[in-house]
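For this one, chain A is given, so just place chains B, C and D on it according to the hints.
Residue numbers (the working numbering), protein chains in the order written: chain A, 1006 to 1345; chain B, 1006 to 1345; chain C, 1006 to 1345; chain D, 1006 to 1345.
Each hint should be verified, as a subset may be incorrect.
Where chains are identical, the list cannot tell them apart; a pair therefore holds if satisfied intra-copy or between any two copies.
Restricting the straight-line Cα-Cα distance to at most 25 Å, the calculated cross-link-like pairs of lysine-lysine (DSS-like) are [claimed, not checked]:
1) K1011 <-> K1329
2) K1307 <-> K1265
3) K1207 <-> K1075
4) K1161 <-> K1124
5) K1204 <-> K1012
6) K1028 <-> K1307
7) K1265 <-> K1011
8) K1161 <-> K1207
9) K1149 <-> K1204
10) K1120 <-> K1072
11) K1265 <-> K1329
Treat the hints as calculated values from the structure; they're not laboratory data.
4 protein chains.
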Amino acid sequence: MLIVMKKGATDESVQGVVNAAEKRGYTARPIPGGDRVSIGILYNKGSVDAGHFMGLEGVKEVIPVTKPYKLVSREFQNENTVVKVGNVMFGDGSIPVIAGPCAIESEEQAITIAKAVQKAGAAMFRGGAFKPRTSPYDFQGLGKQGLEILAKVREKTGMPVATEVMDIENFDLVEEYADVIQIGTRNMQNFSLLKRAGKSKKPVILKRGMSAMLQEWLMAAEYIMEEGNSQVILCERGIRTFVRHSRNTLDLSVVPAVKKESHLPIILDPSHAAGVRDQVTPLTCASVAVGADGLMVEVHHKPDEAMSDGAQSLYPAQFEKLMKMVNSIHAITGACCENN
Amino acid sequence: MLIVMKKGATDESVQGVVNAAEKRGYTARPIPGGDRVSIGILYNKGSVDAGHFMGLEGVKEVIPVTKPYKLVSREFQNENTVVKVGNVMFGDGSIPVIAGPCAIESEEQAITIAKAVQKAGAAMFRGGAFKPRTSPYDFQGLGKQGLEILAKVREKTGMPVATEVMDIENFDLVEEYADVIQIGTRNMQNFSLLKRAGKSKKPVILKRGMSAMLQEWLMAAEYIMEEGNSQVILCERGIRTFVRHSRNTLDLSVVPAVKKESHLPIILDPSHAAGVRDQVTPLTCASVAVGADGLMVEVHHKPDEAMSDGAQSLYPAQFEKLMKMVNSIHAITGACCENN
Amino acid sequence: MLIVMKKGATDESVQGVVNAAEKRGYTARPIPGGDRVSIGILYNKGSVDAGHFMGLEGVKEVIPVTKPYKLVSREFQNENTVVKVGNVMFGDGSIPVIAGPCAIESEEQAITIAKAVQKAGAAMFRGGAFKPRTSPYDFQGLGKQGLEILAKVREKTGMPVATEVMDIENFDLVEEYADVIQIGTRNMQNFSLLKRAGKSKKPVILKRGMSAMLQEWLMAAEYIMEEGNSQVILCERGIRTFVRHSRNTLDLSVVPAVKKESHLPIILDPSHAAGVRDQVTPLTCASVAVGADGLMVEVHHKPDEAMSDGAQSLYPAQFEKLMKMVNSIHAITGACCENN
Amino acid sequence: MLIVMKKGATDESVQGVVNAAEKRGYTARPIPGGDRVSIGILYNKGSVDAGHFMGLEGVKEVIPVTKPYKLVSREFQNENTVVKVGNVMFGDGSIPVIAGPCAIESEEQAITIAKAVQKAGAAMFRGGAFKPRTSPYDFQGLGKQGLEILAKVREKTGMPVATEVMDIENFDLVEEYADVIQIGTRNMQNFSLLKRAGKSKKPVILKRGMSAMLQEWLMAAEYIMEEGNSQVILCERGIRTFVRHSRNTLDLSVVPAVKKESHLPIILDPSHAAGVRDQVTPLTCASVAVGADGLMVEVHHKPDEAMSDGAQSLYPAQFEKLMKMVNSIHAITGACCENN
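The shape of chain A in the complex, shown without the other chains (with noise of 0.2 Å):
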């Protein structure tokens, strides 16, 4: 922590923040500057709340150092983690595909979706049960139903199966049935739920929240992992921007970001940030360029019949072509990050 005083503060002003730091256990020191002093907040263990000093007397501006995560930071763990799930892995330097439908319709509907998107080289398949939807007038998910039939696709391909659970409720049940446990963008800093995933067995997939800093997303993270689970993978789906040609920004700059501050792996939802299918596939193959763990497609038999999301997915001839130019593009970019 940097506190940085106002020019010609006073000799009191300056002893006064010393004192407010020691006094909660701080040890300060000021350093002259060409203009102005600063003072130093030193010897802290984690971070420090910039809130304690930014009103005091004198003060300009208060500049934290220290990041706040702890668990999920590469300081922490420098070797990258792998997640698996099944027998599919994250962060390993493969590129694992989750393809599927928004939601689970029914089981022919995912069923046929499973085996074009297994054939095509999809790894893991997904496929909402309960949706968050912004209207509550809008199809909600087939629930428990929908569960089931996840396991069904499960059983039937042996492909391991994501899906999303919305709250503590229903957790147990998401629990049950899903190899990997979707937190979605708009439950990001839903902390309840956070904890309650920290105590899961299963993995966690972490969607970031559309409006969310590098440094909220690992905090959420951290609050997975500070209750024990440390099978968290990280995955992108658009921010919100001024931008109306697209659904939301794919912020791809996030990708090298994350592998510098964190040892998490990292994957991409390209569907959701685009909204439209046009844009699926340039963005996925941007997505492996620049070098995701894993991506997370939508793909839909009959997209124009879909109920939820079909203007996003792909039909399974254009997921089939896009899986060759994702395994095309890997083969070249998959060293990407190691090469900066």
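Leaving out everything else, chains B, C and D in the frame of chain A:
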């Protein structure tokens, strides 16, 4: 819903869209334009999902016309909803102020602040018992003990109390103690929590999500109303923008926009938007002037020792001064929105 | 400047940073912290470019401390700058209102509106002669003829006139006619234009760029001041955010932030931020309450026939009503910012 | 244009809108809907200004349908525009790379870097002679001397050169030396400069403004084309968002969006978006994969001593490695956008 076709779209593709619409039970009517054909979806009840048509052959763009909300809409109910909390009214043209610390820290702290804000003219007391914190290592609130302190504040001062609920687990408990239940910005789209709030007999303050569009916010309120609770107070608390000179950007334009679209009362929380004390007084004055139906302001008697958000808390003396300005401005602009 | 080293950075890399700093003529002092070493750059005059250090071995982060601006800074000049345009003052605690149409369309239109706004209490007239338009097919303004009309307005009403300059080509011309020269939001970082404005004897209204950070805006003002023109009025007109219920988001928090950092007066333009008439009155009231040093409001006697921005122009009767509220609110909050 | 009336709008107000439309020469046709009437404006040539109708009695919303651009539109010209700079092609399916330092610092520096990037496979050289800098105290470029150095680079290497023009004053000069003229992000809506560029015989690289909507960017290109210069290359360089882990957010979704709306080639500049060297390689790979028609990458042989933007410049060895990846990825995804 208006479906805009590409220039030179074939008659077949126009007919394809018409068929798709009729298959889903809508009436579709092609409208020739200067450069292209558009297709209107008519006589629909409620909104139509744009996704159903976006991927169809020849379609350039899909433009929703009907808003997806009903119960919250001013077209559904023209008169302002007045929410009553104890004897405090929101939406009747008055400007009740909810004041108190970010978190309840002790009985002494709560009572001291409560008396100070009441003396200055606050109508209601606020204080967090369960605190959503970005970091798992930060103070998480006193929990049930905090709620009991709130009850004592109410007993000793007669002011109704507002506090946040973070999850369904603690909903019954919070509901028992609070006069109005607050749903925080990070839970605005925690749909399970919204549904539970919809079943409550207590009024609800619904904070806007940090990156929520007006429509998403109103839809969140719709979730609550749809379950039967029509006592909803909207609360703007700042949105996430590129700006770094304040924690968030208080979106004052949302006040006239809400009043145009909805009959629900809207209050403002300048403290969380500002993040620094210097900006709280001017932003509070602006909030009154723009036509707020109430305010929420953080006050602490010893902000330098506060366990959270001390930097944005006003001193009681500042709050007292502010209350005078609030009332004077309200006397001028109370009828501001009617004047447009 | 504080250079934060990675945890476990070697002594060699620390020394490397110290050497790099000294090579550029700075004094560097390592500061041991809890987890890592930081290096302070001391006794520098003016700001230091972070880019010089960001790529060096062992460096985790570079944090600027000294702000890059000088002349605009309140630390450089503590008293408020008062800008005088004719006999109208900006920054002296009064709230002058600049009103008029978006574009000058004809002498009759200009005179009609000018008389109406003057009667209502406006201090200055505004109207565009050269209009920056998103589309080359839209009305681009009357050019020189528009300036001549402005001169007639001044002659007939005695009000000083404000108008925008779009390029250096027309600078001499605009300078000849205008009492205060306006630099538009799209030109905030047109550095050649800023330098030319810095050589002018006329005061300048510098609108904030739609996505300008506070620091970038102040640096743009620094360009003008550095060339010798200290008569700069800052004007906030809304920033680009994800919001769609108003054209832009009026950033009211920038008012106290500017007043803290700079001695320059700041006025607000709620008309352009709103984009729709309904929001102009409430946002104008809020602008006064937050502590503006002046206002700019669009008024048109026949907005439905206006050649540009009619939808955001107030009717003269609305403006008259608004002026009464402006003056009443200012009587209360005029000293608002001093009160913090 | 679709004009949506309020629920329960009277027949008179519907007729009022029809009359207003006809008065301006349009054809208006009321379309009854489920809840409300909408009015279509038909057979208009070009776009209609929403502002003409937004404030009318009974109007709830005005929705533009026709886009305001013509010449840049893919509906106007279906085949891709191929821009030729020397013998380098943009838009023909190849992936030319423009590389070089941020600023020209000396002949030796420029020639050294030019030879290195050419050897690695760059097709064109870039370097700033006139530099737009946020601070007036930063290095502003060598001016004419910089242009002369660029000419020498061209002479010695045979590569065409790209450099930025900041104002009309220096346009003739820059035009004389540059093979392609760059208009920077801060000047994207400097309409006078755009018009001058439209009169040039040289091709133009038009960078996207930091907060420009797709439509605003295309309209800026329309300004250039409307004056007669159809040799326009669009360049995405990152947008301003709330993100702090990169300088700007590279908006890759704009590539498929541009290709859908326009026939103009689009290149990407990952260096300015990233702001830090670590992110340049992954973002460049992603830019190729998403379907860019070219790239612009900053390279410096001694980035730690660079006079500007050293932190984001690649070392020549990194650039060489990158070029191999660029070409390999392009071999896979070159036809990416056709595949959707």
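Within a copy, between copies, both or neither: which one fits K1011 and K1329 at a CA-CA cutoff of 25 Å? neither (59 Å within a copy, 31 Å between copies)
Please work out whether the CA atoms of K1161 and K1124 approach to 25 Å or closer within one copy, between two copies, in both situations, or in neither? within (13 Å within a copy, 54 Å between copies)
Indicate which option fits the pair K1204, K1012 if close means a Cα-Cα distance not exceeding 25 Å: within, between, both or neither. The answer is neither: 50 Å in one copy and 30 Å across copies each exceed 25 Å.
What label fits K1307 with K1265 when the C-alpha limit is 25 Å: within, between, both, or neither? Classified as between; 24 Å across copies, 40 Å inside a copy.
Within a copy, between copies, both or neither: which one fits K1120 and K1072 at a CA-CA cutoff of 25 Å? neither (45 Å within a copy, 38 Å between copies)
Status of K1307 relative to K1028 across identical chains (alpha carbons, at most 25 Å): Classified as between: cross-chain Cα gap 15 Å, same-chain 65 Å, threshold 25 Å.
Is the C-alpha distance from K1265 to K1329 at most 25 Å within one copy, between copies, in both cases, or in neither? between (29 Å within a copy, 24 Å between copies)
Under a CA distance limit of 25 Å, which applies to K1161 and K1207: within one copy, between copies, both, or neither? For K1161 and K1207, only the intra-copy Cα distance (21 Å) is at most 25 Å; the inter-copy one is 48 Å.
Regarding K1207 and K1075, is the shortest C-alpha distance of 25 Å or less found within a copy, between copies, in both, or in neither? within (22 Å within a copy, 40 Å between copies)
For K1265 and K1011, with the copy left unspecified, which applies at a CA distance of at most 25 Å: within, between, both, or neither? Classified as between; 11 Å across copies, 34 Å inside a copy.
Please sort K1149 with K1204 into within, between, both or neither, judging by C-alpha distance up to 25 Å. Both, since 22 Å and 23 Å are each at most 25 Å.
The structure shown violates the earlier hints numbered 1, 5 and 10.
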